[in-house]
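> Taken in sequence, the protein lines are chains C and H. Quick note on numbering: our numbering labels position 283 of the first sequence as 283, and the sequence is numbered without any gaps. Quick note on numbering: our numbering labels position 532 of the second sequence as 1532, and the sequence is numbered without any gaps.
Source of the hints: derived by calculation from the structure; they are not laboratory data. Hints should not be assumed to be uniformly reliable.
Think about it this way: if two alpha-carbon atoms lie no more than 30 Å apart in a straight line, the pair counts; the simulated DSSO-like pairs of lysine-lysine are [what the hints assert, rightly or not]:
1) C:K133 / C:K300
2) C:K17 / C:K69
3) C:K544 / H:K1542
4) C:K544 / H:K1558
Here are some chain H residues pointing at chain C (derived, C-beta under 10 Å) [claimed, not checked]:
5) D1171
6) I1226
7) F1232
8) K1238
9) P1345
10) D1547
11) I1574
12) E1578
13) L1702
None of these values were measured; they are calculated from a predicted model. Note that the Cβ used here is the ideal one computed from N, Cα and C, for glycine as well.
There are 2 protein chains.
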Amino acid sequence: MNNNIGNGISRQDAYEKVRGVAGYTHDVVLPGMLHSCVLRSPYAHAKVVSIDTTAAEALPGVYAVGTYKNTSSRLFNASGVMAFLAPDLNPVLDQVIFTDCPRYIGDEIAGIAAETEEIAQHALRLIKVKYKKLPTVFDPLEALESNAPLLHPHISSCNTPGGVYTVNQGDVATGFQECDVVFEGKYKLPIQKQAQLETQAAVADFRRSGELIVYSSTQSTHPTRIILAHIFDMDQSKVRVLNPKYVGGAFGVRIGMSGKAEAIAAALSKLAGRPVQTVYSREEDFMASDSRHSGYVSVKLGAKKDGTFHALDIHAVLNTGAYTTYGIEVGIVLGNLATSVYRMPHIHYDGRVVYTNILTAGAFRGFGNPQGTFALEAAVDGIAKMLHKDPLELRLQNIVCDGDVWPLAYPCRASGLGECLSKAAKGIDWKQHGKFDAVGRFRRGIGISSGTHLCGTASSACAVLRLEFDGSLQIATGTSDIGTGNMTAFQQIAADLVGIPLERTYVMWSDTDNTPYDIGAHSSRCLYSIGLALEDASHKMKEKILDYAAEMLEESPKQLRVEQGVIRGGNREITVTELADHAHRREIQFVTRGFPRNNGFTATWHAVAADVEIDTYTGVVNVLKIVAAHDIGKAINPVSVEGQIEGGIVQGLGYALREEMTIQADGRPYNTSYHTYMLPTIGDIPEMEIQLVECPDPSGPLGAKGTGESGMVSTAAAIAAAVEDAIGVRPQEIPMTPERILKILKD
Amino acid sequence: MNNNIGNGISRQDAYEKVRGVAGYTHDVVLPGMLHSCVLRSPYAHAKVVSIDTTAAEALPGVYAVGTYKNTSSRLFNASGVMAFLAPDLNPVLDQVIFTDCPRYIGDEIAGIAAETEEIAQHALRLIKVKYKKLPTVFDPLEALESNAPLLHPHISSCNTPGGVYTVNQGDVATGFQECDVVFEGKYKLPIQKQAQLETQAAVADFRRSGELIVYSSTQSTHPTRIILAHIFDMDQSKVRVLNPKYVGGAFGVRIGMSGKAEAIAAALSKLAGRPVQTVYSREEDFMASDSRHSGYVSVKLGAKKDGTFHALDIHAVLNTGAYTTYGIEVGIVLGNLATSVYRMPHIHYDGRVVYTNILTAGAFRGFGNPQGTFALEAAVDGIAKMLHKDPLELRLQNIVCDGDVWPLAYPCRASGLGECLSKAAKGIDWKQHGKFDAVGRFRRGIGISSGTHLCGTASSACAVLRLEFDGSLQIATGTSDIGTGNMTAFQQIAADLVGIPLERTYVMWSDTDNTPYDIGAHSSRCLYSIGLALEDASHKMKEKILDYAAEMLEESPKQLRVEQGVIRGGNREITVTELADHAHRREIQFVTRGFPRNNGFTATWHAVAADVEIDTYTGVVNVLKIVAAHDIGKAINPVSVEGQIEGGIVQGLGYALREEMTIQADGRPYNTSYHTYMLPTIGDIPEMEIQLVECPDPSGPLGAKGTGESGMVSTAAAIAAAVEDAIGVRPQEIPMTPERILKILKD
């Protein structure tokens, strides 16, 4: 029956992407469309005293100049958090489209819409702004001090918009007293940027009829729609957001809005009365869209003499920059996941996100988990060292097992984690650990890290199947394919579960008008949550087909089966095409709506092992090999799954060794281009071995779990462990640049 | 409860149309879009001996040259008939995109896609074609002769693709023997052209991934999709057809495809690998898209001495031109409707449509009924004259009544026809009939006509309602608004039946990807068929809302009511917005699908009375006043209904007096522009009085019936009756041009 599920069939979007004919938001052209650019604050914190747009408005070819004076001043949150309204969740609304109080260098002051980008850029230079500079703060610890400048005094009397989030289990104070050894460490994490290929972009058509249509690179069209309806005080039904088929990478930076591209384009379109395209330059993309939270994570881990973990205390202070966006949720996920890998009676976590005058941090693949995992795994290795235990054995001894009590709201189903550790260790040749010579210029080391990630957020997932009159099948879901291949996986699931050939299925790309509500492509949720909805819709469709066929063939539906588009039973057979045509001639169309059988999360598990070689002369860490073993439940498309994990490893390698946005003294980010921001290149990619562990998850579709983020989570921790194995010291800060490695070696 | 139903609220599309910002297919621009033009046959019947496109292809800027050699040769039918697959209906497939055997002047030989229209036009002149001329026939009676040239010998051994369609009731031969008087007449009908404002157009994007997206001015996106999928041998699910919101008039000429614009654009896009826009010039629109069937209708009506009608025999020979398209169905509707206005024991009809070497005839508002009605009503007036009876009284004596036996498949519900006749007569001051002086230069006369039209084709109608999380309502139907106002009526129905304000509803414009299957905006069916589906979906939505509210308010659903977005019951109230937000936070979305409670037709009824003045010196017929009384069941929006009827009257007036495409000796149509084709202008429009008769139809939504076509049906007959009253002779040919009137006066 499963011709496609489990097979690594080619991505259905591959042809267009390889041929260069795939269309992105950058490519959208509408009749009469204007181009835009944005005036951004040169100060990290200031008050606009006056703004004069007269000269800009007078320039021929300029159709609109938007500022805080003439555009919506409704407060919003550019992340998707506004759309994910759990009963008790009230997102922090602290952003406006154009501000009169910039809070970081790059904050949006004004926008221009003009016939050409050149005219818009020219007009931008004609805007006269007088600023009054305000005091600034860039470090989150400093921002917590009582005399620190307040960023949002009208919203919050302190710089921690979400207060303190805690996780508690047992009593850590007593717990640590009962421990034989206690390890403590404090780790500093950098600003990492998604640096996705397609910069933030939107084309908005604010029609005079009161409708707003937005082509966007968002990874969550429906939430984007909700946010735009809020900003412009419109009915959601009159706002349409769609991917113009493709999205050029996302990694979290486009959940909700693509920076503010949608809101800027819409505000300018409303003023100009014509469609407006807003495309961020690479510099704007770096400086003015969400990044990964930098900050500090302290960890205290206590164990018994035999190695049994007993108490864990984690503190996180995360720098969310000028606005909250997803900050609060990132702190929550960090705490929940860092406390759910190892079994422990006593657990405490407290995390806070802090406003500072730098660019905003928000969602980024892993969503707080890489930060927490980096610290936690250092502590695990620290305990191993203190007890002279093998780090692998210590992990196997302490990892959570099926049915364990843990702080999370979903049941602990961790069947595959032990196997992941064993496979990763085997792949990296673990017996070499601690055995490399510590002499000569080049030092080798290997390290390992356990990890988990959540997958899910099934909320509101829905899939609609429509059998066309020729027997082909339309699959509609409200999610995007941001490059991960989920659309192909959807085709595999629907084709096999309904019983038609894959090439006769077609997936609709996300468009709020033509797809059911969905919160988007993130949280490693597409395959899991939408997959569940699709499973349900497919079963219902198959049932409809068989019921109809049973009447046609005068058989019981139970006697019939449908495979590869052919329905067989008794001595007769008909094709799904014949059946669909027959039904069409009788005015019957088969449409099914499917929903997930659960609305929760589940956990994925993985272990990553790294083999590194350090040049002690230059400080360069050369990763020789990464082995990653992932328990993904069931690989619907093994090639896609491996691709996801490989991509995550490379991004994790960048996080470990190269990537960091640094902030200069005035608050200006230094590296805002591919030239200055050190992404891994092809030459940095090590040998990678991906091991898929398939422990079917009973809550997932066909046992599957999502793996969009998990590849990223533990890579930096594993590399740091290998570095420690090589040079005897655990780096407490990433990226582990040559400079920092040399400093460690020198110390 | 009904704040909107029954009110003549403004059309929701009015603002954009009046401001000139409404977007049509002509306005669509896609990235890299090419422009196209079509090489059309200069001969009415020929064989392409050779075609050389080398020079055209070599011209810089030319991306594709399509001919019969390199484009799909699958036979199709450009009308929607391919999509309306009743169990026993097999449409005649006799068209290809580009032909090597042109059958009329204008037939498509080749197409060019180029950077600009100018380059395309230049390239067109570089194509070298050698034709071998074939014998031609232009008159349908001649085409029936045994030695006539055959147009489609490979499909049909005669020029009547559908054979002979008959309607039979009783035995006419016996019937006529039993009559006291028998009237016989033969009428010649012209080619009328829809002449809608927006010429036929499409923009096709045939993606290399194997998907086809077509923006089109079609009035039936879903059927267009089915036809395109057939032509290009693709899965329907991979073809998307959408109105780019607005359609610039239709009148039947865009059911199925817009001429062949969609197929031409798609074929060229497939060759070029880029999007292609095909926009017909006004000349092409006239010469190469469907028109109203010209032809001959003979009628024989027999009555008893007391005026009781007893036998009716009608013969129709319709000229369908070079291809069948809707020809067969037009002949069927003509016969069915002309035999269902008057009660009669003996009825016979036979109709045939005939191929000739002129432009194709197809669907046009009224769909055969104006032709049949013109002949039938002449016969009724003929009997009145023979029996010296008042034509109004004779009609009232013989019209069908509720429950009468008739040839149609749906029950006779004719409650309003008598009232229509009385009101039209009263409005025109009927007592003057036959009393005007027959002296002097100017002669006045008044006449009346009864009429019916079918409304329905509910087949596959469906409406989907989605309550957004802010309490606004999305209405999705697969139909288009071709200018008739049905979208506004849908909003009125949904708003009132669900219980929310009209401005909080939003209607999706037709797009096969985002709307349920529907056969389109034609057959006077939108308000009736989709209205029924919407009624069902609205009731279901209201039920969902009240059930949810009942839980929130802890009341029984039966105690609650929802009006204007507020749910009340007991002592509490909540808004639909609060309810939707509450549900959203619990991951519940309200979506309902509604279907018509019947899949059939119903009849609308009307009477039209005309008051004319004839200048016997010039032969000009000046219509002084038209009174039209229409039984439309229930006027959902009386202003829109009156507008529809007025538009129909004006088009009927053109049919009666001015409009005719004439064919020259070689088969070339003479009038292919607004300059030469005599549409009525503002100066020709008479005083019009519209009387709405509301006899609720139990089969319709809220008792309503559709009235898209009925205004057109009887106008010509009423004017001809008035002319007869004025000059004593019934014209047997329309349009009643000055030349023809002078000839009658001279004879």
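> So, for every hint listed, does it hold in this structure?
Status of the hints after comparison with the structure:
Distance restraint check for K133 (chain C) and K300 (chain C): the Cα-Cα separation of roughly 41 Å exceeds the 30 Å cut-off, and the hinted pair is therefore not satisfied. For a cut-off of 30 Å, the pair hint linking K17 (chain C) to K69 (chain C) is broken: about 42 Å separates their Cα positions. The suggested pairing of K544 (chain C) with K1542 (chain H) holds, with an alpha-carbon distance near 27 Å, which does not exceed 30 Å. Between the alpha carbons of K544 (chain C) and K1558 (chain H) the distance comes to roughly 33 Å, so the proposed pair goes past 30 Å and is violated.
Hint on D1171 (chain H) is violated. Least Cβ distance to chain C is approximately 34 Å, over the 10 Å limit. The criterion of a C-beta within 10 Å of any C-beta in chain C is met by I1226 (chain H), whose closest approach is roughly 7 Å, and the hint holds. With its C-beta approaching chain C no nearer than about 12 Å, F1232 (chain H) sits outside the 10 Å limit, and its interface hint is violated. A least Cβ separation of about 5 Å between K1238 (chain H) and chain C falls short of the 10 Å threshold, and the interface hint therefore holds.
Annotation: interface hint on P1345 (chain H) violated; nearest CB of chain C at approximately 34 Å, more than 10 Å. The interface hint given for D1547 (chain H) is violated, since its Cβ lies 18 Å from the closest Cβ of chain C, which is over the 10 Å cut-off. For I1574 (chain H), the shortest C-beta to C-beta distance to chain C is roughly 16 Å, which exceeds 10 Å, and the interface hint is violated. Violation of the interface hint for E1578 (chain H) is found here, the shortest Cβ-Cβ separation to chain C being roughly 13 Å, above the 10 Å cut-off.
Below 10 Å, beta-carbon pairs count as interface contacts, and L1702 (chain H) has none with chain C, the closest being about 22 Å; its hint is therefore violated.
Violation of the numbered hints given earlier is confined to hints 1, 2, 4, 5, 7, 9, 10, 11, 12 and 13; the remaining hints are satisfied by the structure.
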